[in-house]
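2 protein chains.
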Amino acid sequence: MYRSHTCGELRIADKGKKVTLAGWVQKSRKLGGMTFIDLRDRYGITQLVVEADAAPALVETAASLGREYVIQVEGEVLERESKNPKMPTGEIEIKVLNINILNASSVPPFTIEENSDGGEDLRAKYRYLDLRRPPLQRALALRHRLAQEIRTYLDGQGFMEIETPYLIKSTPEGARDFVVPSRMNPGTFYALPQSPQTFKQLLMVAGYDRYFQIVRCFRDEDLRADRQPEFTQIDCEMSFVEQDDVLNTFEGMMRQMFKNAVGVDIPNPLPRMSWYEAMDKYGSDKPDIRFGMTINDVTSMVQGCGFGVFDNSAYVGAIAVPGCAEYTRKQLDELTEWVKRPQVGAAGLVYVKLNPDGSIKSSVDKFYTPEKLQAIADACGARTGDLLLLMCGDKRKTQTRLGVLRIEMGNRLGLRDPHVFAPLWIVDFPLLEWSDEDGRFYAMHHPFTAPKPEHEKWFYSDKKEDLERVCANAYDFVLNGTELGGGSIRIHNADMQKRMFEVLGIGPEEAEYKFGFIINAFKFGAPPHGGLAFGFDRVCALFGGQETIRDYIAFPKNNQGRDVMIDSPSKIDQVQMDELFLASTVKE
Amino acid sequence: MYRSHTCGELRIADKGKKVTLAGWVQKSRKLGGMTFIDLRDRYGITQLVVEADAAPALVETAASLGREYVIQVEGEVLERESKNPKMPTGEIEIKVLNINILNASSVPPFTIEENSDGGEDLRAKYRYLDLRRPPLQRALALRHRLAQEIRTYLDGQGFMEIETPYLIKSTPEGARDFVVPSRMNPGTFYALPQSPQTFKQLLMVAGYDRYFQIVRCFRDEDLRADRQPEFTQIDCEMSFVEQDDVLNTFEGMMRQMFKNAVGVDIPNPLPRMSWYEAMDKYGSDKPDIRFGMTINDVTSMVQGCGFGVFDNSAYVGAIAVPGCAEYTRKQLDELTEWVKRPQVGAAGLVYVKLNPDGSIKSSVDKFYTPEKLQAIADACGARTGDLLLLMCGDKRKTQTRLGVLRIEMGNRLGLRDPHVFAPLWIVDFPLLEWSDEDGRFYAMHHPFTAPKPEHEKWFYSDKKEDLERVCANAYDFVLNGTELGGGSIRIHNADMQKRMFEVLGIGPEEAEYKFGFIINAFKFGAPPHGGLAFGFDRVCALFGGQETIRDYIAFPKNNQGRDVMIDSPSKIDQVQMDELFLASTVKE
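Just so you know, the sequences run in chain order R and F. Count along the first sequence from 1, add 1320, and you get the number used in the working numbering. Count along the second sequence from 1, add 1320, and you get the number used in the working numbering.
Hints may be right or wrong, so weigh each one.
[What the hints assert, rightly or not] Under the rule of at most 20 Å between Cα atoms (straight-line distance), these lysine to any residue pairs were calculated in the SDA-like manner:
{"hint": "1", "chain 1": "R", "residue 1": "K1681", "chain 2": "R", "residue 2": "T1648"}
{"hint": "2", "chain 1": "F", "residue 1": "K1772", "chain 2": "R", "residue 2": "D1475"}
{"hint": "3", "chain 1": "F", "residue 1": "K1843", "chain 2": "F", "residue 2": "N1878"}
{"hint": "4", "chain 1": "F", "residue 1": "K1907", "chain 2": "R", "residue 2": "E1899"}
{"hint": "5", "chain 1": "F", "residue 1": "K1843", "chain 2": "R", "residue 2": "V1427"}
{"hint": "6", "chain 1": "R", "residue 1": "K1843", "chain 2": "F", "residue 2": "K1445"}
Since the hints were derived computationally from the structure, they do not count as laboratory data. The structure displayed is predicted, hence computed values, not measured ones.
Looking at chain R on its own, in the form it has when it is part of the complex:
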């Protein structure tokens, strides 16, 4: 070893010890004749001192050190005169007796500190330097800790981690596959998995009872901000279980992760909210329940007062924004423009101000008496000083828009502290979604998701309205307005699966072509089973109190799917193309 201790290890109790440290020069400064050097490694920073009366060669070496030089020093642990209580090593310093320069460093292209002065592109190109910064070191340390916690918990619950293949088969369903040409089987391709869904269900058929895997998945989608072409999933499946068993098992996992990695106790049990309630109250199937400001259905209250816009709407909803009655005309106009942007898509916004002086002012004073407005405000739980915001239109669309507005107002009011954690389960999703364009049902989750047992009577009905009210045995884990994972109890019964294909308008040949191979496996004794998957990158980011996942991935790709550090993807040799029996059709 090049060191006797790390740079985060020495304390006042080590006073007088002869030690050897190794690490990077964080900074170096002269004071009087003395040189002070901050030496950094993953574990911390230790202050080194080269005294004015040290050997000239040593003083000279100390003076020659640049930022990010890698050095090894021998010295003695001294008690500091002026202690730094903010640093774990702040009570000591090392009197340097010898310096060995292990490696010099060019001047880094940006500062390697808590906050860097480097732009995003530059830091991406020199990712290995950006990764030296404390926030990224903490991010990857948290990721490691969480992965360990997950594995320890699931191992303790009898789960086996089983590796599934990466070179699998392309299926024409869902998102686009990344494919891998096969040299040994000319003209054919493997696909990289979008998830190990099929394999984990096969492992249940194979009797493995409890499976998990922290596994890379791939989707060749057009990348939105904060989407990566490769991402990591915590993938799980259990046999002989009902929905409650899955939820209890995995909220236990989350509880342990929060406790051991972040030091936070989450409620036991976690709240469970039906999809219908989430949509009605939060306008979202991933509600942020850190704050209230829930949506109220005021349709019946506002109609029949002569305001045609409301009278002709299927639904009118309102949120009461606390303390915002003093919004100016300008602010309200800005908010109206904001909700009219295509990203939100509202036609407009009606406001009611509950002024601190007790008066009421609204944009619809022409149609509603102050008493009526007060009654509406009361129904929404609004209090003096609050601002009531109303939208109207199609019920679900309007709720969704109000949900987006609610989040925006939550942000503006600072109600969304990333270090407050409010997880919950969303349950009772509709099994099926009707598409007006295609005139058919689609599976809301996937065609292997089972209906709730108590809704089976409707599942076998021929009436559209019966089928529409069938709830699925499906569930999402939601944290602070983000869906971190989800899953379902699967259909294990051949007749029910047949019925599902029938409902979805998938004929026997099509079913065989698309799903034949798993249907076949299910003929040989498939147990009842269900599971779920969490997006691990996002889990890490949210546990770390961040919204973006990029800092939680060691070597992420940019929005064009490029790794600018290694300059990939790139052209390959003609020899490689020939061996793969491939020609490019790109016009040069």
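We have chain R already, so just place chain F on it with the hints.
Frame of chain R, contents of chain F only:
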């Protein structure tokens, strides 16, 4: 839950309990009026009894059960009349009160037992059924256990598991890459990693100090038996370390894995053998030291006695095969033919029998007196009853052939018990290999491996013979004749790296083209570092006492790189090809 207990859980202490079990029907038999059913899950087998006087419907259901039906039963735990001490649940049985058929099963295409009657191809096609067999369940359970042990150990040693990308850049070095066409960047490709070597070195540059990952790697090689296009590696790297630190850390890991997963204590410390000793004594850089029969250099003893073949050979070596003096002429001829096969490549074989009666008989009696032969035998440690086998020729080639013969004789004599474990480190590999064809040196490991500090003087010499004796700071972990892993201390000094490229005849432009990106990273303060990687599939197989890895991979590919279960690789849609700007050049 569909069960109150698993099928491996109930004991005599549970007598009288009302329980619910779920699992697969292993077998069912009638005895008198009673039906006995073996119910199986991952955890074990429990015997069920449907009594003769049970309700007729229950008796009928029990009679209808076929192999691999999935059932749920309610019943009472009874003490068995005839106990089965071989089964953990052998003291009890369940008196069945109710049977719920959860899923019927078609008759499986082969028996699902310890040893199946199914052929390899059939079992591969129905892998999900083969995976139900106990040996495969044990294999994957061992794999899971080992992965957990590795992670727990390395986490305890301060290692962080950091995920590196799967979509990287193709490099024209080494084995062939699998490539992935990029749709968003037309005409370009990602490559799947052959190992995370570059990334782990960058993580050391980035200051992560101790990294590991259990990670999938990919090589598009022509597949030999027991090679997989995708395989799993335990990949590790450490900073501020010397060779001893790496070896001590990872033999500690292996010690814990052997202790906790297999219950075996391996020596502390492990033996370390130089590459030269391994070649001289075992004719292999991965010696099986479970047995002796080492190779002896008898060149000087056998030359000058008029036997031209030996006199004209650079090297003559011998092994003493214990107890085989009674080999017949036919057996010796067969053995001679065996070593002359191209796989071994020997020109012939000389034998000396040390007969039990004290006489000596050899194939070269014409040239050597019995006394001379006895002296040679003594030098080889041979005893009465042993068979001495000699080969001659080029030193390393002859040693290698004797090494192959030694393993063969070890197999024939039953000296290679797969449940005996004899691990060791091979160290002091030559840094460079001279190629006569190309008239240049190649790196034996890779161009980033450092020479041993005490050999640096030769490394900077211009003489070929000096360069040839430079040993590398490289090491392999060998178990029972198989290399399970290896690694090296890397060069971190720019001047030494420059010298290495010079020795290898790699010019500055070529170095920049091939390795530019890592050389550049090394300019910003690379710490001294080193690491290693283990082949996890093979680790699992050897720990399980098997030579083939296929049973230790849940869904392996066959020798043509095909997954016959999912029928992959396969053709993809023209739409997909078009989106990727690719055309196939395969003639239909």
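Verification of the hints:
{"no.": "1", "hint": "R:K1681 x R:T1648", "result": "holds (12 Å)"}
{"no.": "2", "hint": "F:K1772 x R:D1475", "result": "violated (42 Å)"}
{"no.": "3", "hint": "F:K1843 x F:N1878", "result": "violated (44 Å)"}
{"no.": "4", "hint": "F:K1907 x R:E1899", "result": "holds (14 Å)"}
{"no.": "5", "hint": "F:K1843 x R:V1427", "result": "holds (9 Å)"}
{"no.": "6", "hint": "R:K1843 x F:K1445", "result": "holds (14 Å)"}
Consistency with the previously given hints fails for numbers 2, 3, ordered from lowest to highest.
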